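**Q** Make a model of the complete structure from these sequences and hints.
Protein chains in written order, with this note's numbering: chain A, 1 to 694; chain B, 1 to 694.
By construction, these hints were calculated from the structure, which means they are not laboratory data.
Just so we're clear, the structure is a prediction, and the values are computed from it rather than from any experiment.
Errors might be hidden in some of the hints.
Straight-line alpha carbon distances no greater than 30 Å define the calculated DSS-like cross-link-like pairs of lysine-lysine that follow [unchecked claim]: (1) A:K143 with B:K201; (2) B:K207 with A:K143; (3) B:K131 with B:K676; (4) B:K343 with B:K201; (5) A:K256 with A:K106; (6) B:K599 with B:K201; (7) A:K147 with A:K106; (8) B:K143 with A:K205; (9) A:K86 with B:K201; (10) A:K86 with B:K565; (11) B:K343 with B:K356; (12) B:K201 with A:K256; (13) B:K131 with A:K201; (14) A:K201 with B:K676; (15) B:K205 with A:K147; (16) A:K201 with B:K256; (17) B:K676 with B:K86; (18) A:K131 with A:K676; (19) B:K256 with B:K106; (20) B:K170 with A:K205; (21) B:K565 with A:K147; (22) B:K592 with A:K201; (23) A:K381 with A:K356; (24) A:K201 with B:K143; (25) B:K429 with A:K207; (26) A:K143 with A:K201; (27) A:K201 with B:K444; (28) B:K168 with A:K201; (29) A:K143 with B:K205; (30) B:K201 with A:K676; (31) A:K444 with A:K381; (32) A:K565 with B:K143; (33) A:K147 with B:K201; (34) A:K131 with A:K106.
2 protein chains.
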Amino acid sequence: MVKSHHKKTAAAAVVAAALASTASAQTYRRAAACPDLGCIYPPDQSTFVAGQAFDIRIEVQAPANGTAPYNNGVPSEDFALYIGGKGAELEEVASFYQIEDPIVEKYNFTYFEDLFYEANDTATLVNVHAKSYRHLTLYNPGKYELKLQYNGNMETLAEWEVLPLAEKAKAKNVILFVGDGMAPSMVTAARLLGHKSINGKYQSKLKLDECTGFGMQHTHSIDSFITDSANSATALMAGHKSTVNALNTFTDSTGKGYGNPKFETIFEMGRRINNAKIGIVSTAYLADATPAAVCTHTSQRSQYDYIVDQFLDGGAVAYNGVPQNFSWTPFDGVDVIFGGGGKDFVPKDSNKNVSKIERFQDRGYQFVTTNSSLFELDHSKRALGLFGEDTLPTWVDRHVFPENLADFPAWNPENNTFTAPSTDVPGLKEMTLKALDILHTRSKADGSPFMMMSEAASIDKAMHVTDYPRALGELLELDDTVRATIDRLEELGLMEDTLVVVTADHGHGFDVYGSADTEYLQQAQTNDTKRDAIGTYRESGLSAYQVPADVSPQNNTVFESPYGKGFPVNWDPRYTAAMGFAADVEQYEDFKIKTAPRKTSIRELETGRYRADPEDSPNGFYMSGNLPTSGAQGVHSLVDVGVYAFGAGASTFNGMQDSTQIGQRIAEVLSLGRDKKGDFAVCKRNNDGKCKKQ
Amino acid sequence: MVKSHHKKTAAAAVVAAALASTASAQTYRRAAACPDLGCIYPPDQSTFVAGQAFDIRIEVQAPANGTAPYNNGVPSEDFALYIGGKGAELEEVASFYQIEDPIVEKYNFTYFEDLFYEANDTATLVNVHAKSYRHLTLYNPGKYELKLQYNGNMETLAEWEVLPLAEKAKAKNVILFVGDGMAPSMVTAARLLGHKSINGKYQSKLKLDECTGFGMQHTHSIDSFITDSANSATALMAGHKSTVNALNTFTDSTGKGYGNPKFETIFEMGRRINNAKIGIVSTAYLADATPAAVCTHTSQRSQYDYIVDQFLDGGAVAYNGVPQNFSWTPFDGVDVIFGGGGKDFVPKDSNKNVSKIERFQDRGYQFVTTNSSLFELDHSKRALGLFGEDTLPTWVDRHVFPENLADFPAWNPENNTFTAPSTDVPGLKEMTLKALDILHTRSKADGSPFMMMSEAASIDKAMHVTDYPRALGELLELDDTVRATIDRLEELGLMEDTLVVVTADHGHGFDVYGSADTEYLQQAQTNDTKRDAIGTYRESGLSAYQVPADVSPQNNTVFESPYGKGFPVNWDPRYTAAMGFAADVEQYEDFKIKTAPRKTSIRELETGRYRADPEDSPNGFYMSGNLPTSGAQGVHSLVDVGVYAFGAGASTFNGMQDSTQIGQRIAEVLSLGRDKKGDFAVCKRNNDGKCKKQ
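**A** Following this line, the structure appears as structure tokens:
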């Protein structure tokens, strides 16, 4: 398809030739989803659920210098986008939608073309003309063609697809679990730590292993093959690829965190169409990328203030006091939101002294801050739970090293700040089960469905600082939560109406490659002899995590874990799994669990470079890392991640798929697609926010 | 189950207590599958296809010294194994099978209990009494219990399962592709190199991505969670976990490569029951573990001579001149065997001057040594193809750097040795398609099914020496081969009768975590600035392997690869994938493809330690590795690997499974299980080796 696009038009050939001279421009890009001087958002290859709302934006760019300047940096004043069903005659977009043509925005930006340009501090200036068309939709399934005409005879082409309407809904409700950063290799390692095998056969398994639908998904984003958690969560929750740091928007070239072309998430669609009750649970701070991706829109995931406002008021709220000049899907707030990140809900300084907690309370939300108070909630009312100032403590710290809890600030009711030591903090399971109770009760009250996103965030956060045992503890807690959630759904008789999907947003380079005799390693005196403590193949042996410290791993007894079914019997055995290290900063490795959460394995030099910190693991051996030494953390990786589905519609997720298909297939299972006749976007709403059917 | 075994018997409690004092004995094990002083093979948790042949062996061990000596190192003379259906009264095994009790073997062995014992050179001596019962089977599906009684009141218990008979065969033929070492992360990376994506959507995909049955399998072995390729291939081809280095046997404590307790492979069963035509294809030397696992039996995969003999004569041949004193499944040779490894077919020295090539020819095999002669083969006759002395050249060397072919010795007809430069060498696709032609023709002649194993061996071999691009080239060649094979099966009208399963035997720690600007890296002068060339997240950018060298990766044209559909357009772009490195030796990394195959990244010091060799990558940066410096290669990893199934019965492989279930499920799809009535083990054979039905 696209091949012929670019081969059949003379204009495209011109552009291709121009780009050929900038073949080196890979390190940094002029603009994402914008291979030519003319850009269309949503870009070529976009796929929509029928009736899904989105903005259109077109840009014409002209570099003034650099390797491929155009027309002295002056873009054409005259440019227009044409759209139509594939094969039909194309129509100008304002005419197609019977809307007014917006005013042209004019601005410029600079970028470095590659590392040599950056080293020489030589930026390229680009002038831009742009237009945005807001809050549009396409109802008719099939292919669409788009053509941006600019600079005389230049053209940028795109092809979109609107997915077929589902014949009928297979499920009413959905629970989407995200194991942030959960690579397949980490699932395997978690099974090794949490379950006993005898002569090569596991005596129990992960709940994930029992999934009735199983597949894998490709996680890369529009502009890069390694994704961050914002745009990958966007793919899962809205069915669109985007660019690094972007939440449910395409990143335009303005450099601004608001006003970028947006698209509707499946949660927003569920609310709009079915008045779905929406729940968000995360062990991260709640303004973090994955929880934010449920219903917020910004090209800059760091806009925490803006994100929290959208949880309550939807995607058309003011940004930092600047009103947004567009309409968007009405959204009157999530029903349940539990997690960390109180920091983004309390006033930070005297200039911004509005507590968002009070704003939630004014809108009828119950407010809780402890595990105990979680159990006193009224299931019929909305609830905000902020169980810590920042990311919540990990399962390992809550269960194995509870003395670390004091370092996690929690709510101090005496002065309404997050400054008290954390003592009474829920985990993913407690938050998820309580959120389910509330969603179920509220859904039952008016017959509406519910949609929940629950994130095990610190799988990723622990991996970033190479704290592997804590990452695996979080993964086991996720598995335990999935098991408990499905048990609860079955008790409630909801499993036949509910789809449960467990997946990751990306991986981390990780694997287990042997075992380490940590006692030998600690006593050995040289780097070489320390590395001799690693046993590979036959000497990797059996999992020592499934026997008490004084029992051989070869003992075939299945011991009960003091931490519950599916967790290690011993978190700190002499023979640990030798694991980790595929995309990491430097470190000293001793293969032992850190008794306190690892903040980093490196220390910063005066030069700004980071070097392994011997004090992090005093008896460890040196590993050099394979990332730039200018960075302080490990990074994400390319690997496809698993999709583990249960309940109604689970088999929809079998086999290999793209990350965007997760969102699209959830929409298919819930039958969220609408043709024009069935659309509610233009209907009037009742006071309760529910849309009157036409 | 097992839990109660070990809790309910007083004897087990005694043993557990004894083991508790040897809790440290993880690095090395007294014996695999032998947690107590009494050992049963097949061990606890074994699962059989109904009618599958196997040997039983029992051992009683007594350590004379070390941390847990027993009775001054004297094992009891009096020991017996009891067997019966679960819940039924157990019967002594000789009586159960109405066979004679074998003579007791007596011997001893030594081992180190852990790294401290090894450092002090303090071995533990173990005396053993043992018995082997040969060529048995179980016909009735269900659970079986076993009890080894020894040393007075000591007991070792085991539970076995015989799988239910299939209701009917879903497929007649099977082709099992093994991507040796193919971790899921490598499949993802191969897709990135071989296929173009535009705005995050792939324009074409791997054939593996189109599988109609998809799952993952756990690869660990009996005695260790990191497997080698012998026992993992055994699980795939016979449905039993074994121990490192073992092929279709359990490893007893004799230390000998022959006479260990064997079990029948599904290929042997197919031949015995259906007179199946059997094909073996590998890019490795043919005596290597994966091809050997089709139909040979030894606890030491390095017994190449013994293995080659078994390809022709089955598992009861003499070992190194020593006759085997047991009966085994009649096996009159594979029908097709194509690969490398001529070294193991020609006389090595004057003492052993029998050419195995002549032995094959005497038995009616056609013999070929070049790609051209492959196409002259008579499809109705058996064929032996030896296309090189050792492992065959990789796809990358055959297609991108053909000048390297001269370094791969091939057949020299002038002196009947493998000493000529390789010029005319087939790849996996050519060998597999020709093997299919022969199997199909021979099967059609007598209405029998065919079974083929085809291995992309150098995925693994390149990973061991951290030659990542060559590993990915082999993976893309495998994918291309799977595509071509399925096309051919469809042409032949065989796809409805044929199951195609593609899987791996284990993974390698591997992932892609960014891109590398190799031009910047080459020019940078320090380790730190070289590492600055690595771009992560947004700066990872797009795959530069899918555009010509002078075109930006952002160009949306789908270029045709000079190497064919599904391969890179450019193997050596400026912006490469930054990849690798999770269980590696030291190296200097420059992220560029090596123009000659990487033999190793390290050099040996006088101390016997291995250090990164700067000459391997003169402009690279140093990476320290995370394995013992006493070893020269990367190792395998834990990660579950993918199972990609096509054709008849493909959905049988959906979801999570154990490696042994691959073999068992192939047997199920082919309906190889037999109850006593349907069994042919005791039948007379015709001269053509076909079993007369009773």
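**Q** For a C-alpha distance cap of 30 Å, please report whether K131 of chain B and K676 of chain B respect it.
**A** holds (26 Å)
**Q** Between K201 of chain B and K256 of chain A, does the CA-CA distance stay at or below 30 Å?
**A** holds (26 Å)
**Q** Holds or violated: K381 of chain A with K356 of chain A, Cα cutoff 30 Å?
**A** This hinted pair holds, its Cα atoms lying about 18 Å apart.
**Q** Straight-line Cα separation of K565 of chain A and K143 of chain B no greater than 30 Å?
**A** holds (25 Å)
**Q** K256 of chain A and K106 of chain A: Cα distance at most 30 Å?
**A** holds (14 Å)
**Q** Check whether the Cα positions of K599 of chain B and K201 of chain B lie no farther apart than 30 Å.
**A** Given pair K599 of chain B, K201 of chain B is violated - Cα atoms ~36 Å apart, limit 30 Å.
**Q** Holds or violated: K343 of chain B with K201 of chain B, Cα cutoff 30 Å?
**A** Since the Cα atoms of K343 of chain B and K201 of chain B sit roughly 46 Å apart, the hinted pair is violated (cutoff 30 Å).
**Q** Quick one, are K201 of chain A and K256 of chain B close enough, alpha carbons at most 30 Å?
**A** OK: K201 of chain A and K256 of chain B at ~26 Å, within 30 Å.
**Q** Holds or violated: K205 of chain B with K147 of chain A, Cα cutoff 30 Å?
**A** At roughly 27 Å apart (the allowed maximum being 30 Å), K147 of chain A and K205 of chain B satisfy the hint.
**Q** Can the restraint linking K256 of chain B and K106 of chain B be considered satisfied, given a maximum Cα separation of 30 Å?
**A** With a Cα-Cα distance of about 14 Å, the restraint between K256 of chain B and K106 of chain B holds, given a limit of 30 Å.
**Q** K131 of chain B and K201 of chain A: Cα distance at most 30 Å?
**A** Given pair K131 of chain B, K201 of chain A holds - Cα atoms ~25 Å apart, limit 30 Å.
**Q** Verify the proposed pairing of K343 of chain B with K356 of chain B, using a straight-line Cα cut of 30 Å.
**A** holds (10 Å)
The structure does not agree with the numbered hints 4, 6, 22, 25, 26, 27 stated previously, though it agrees with the rest.
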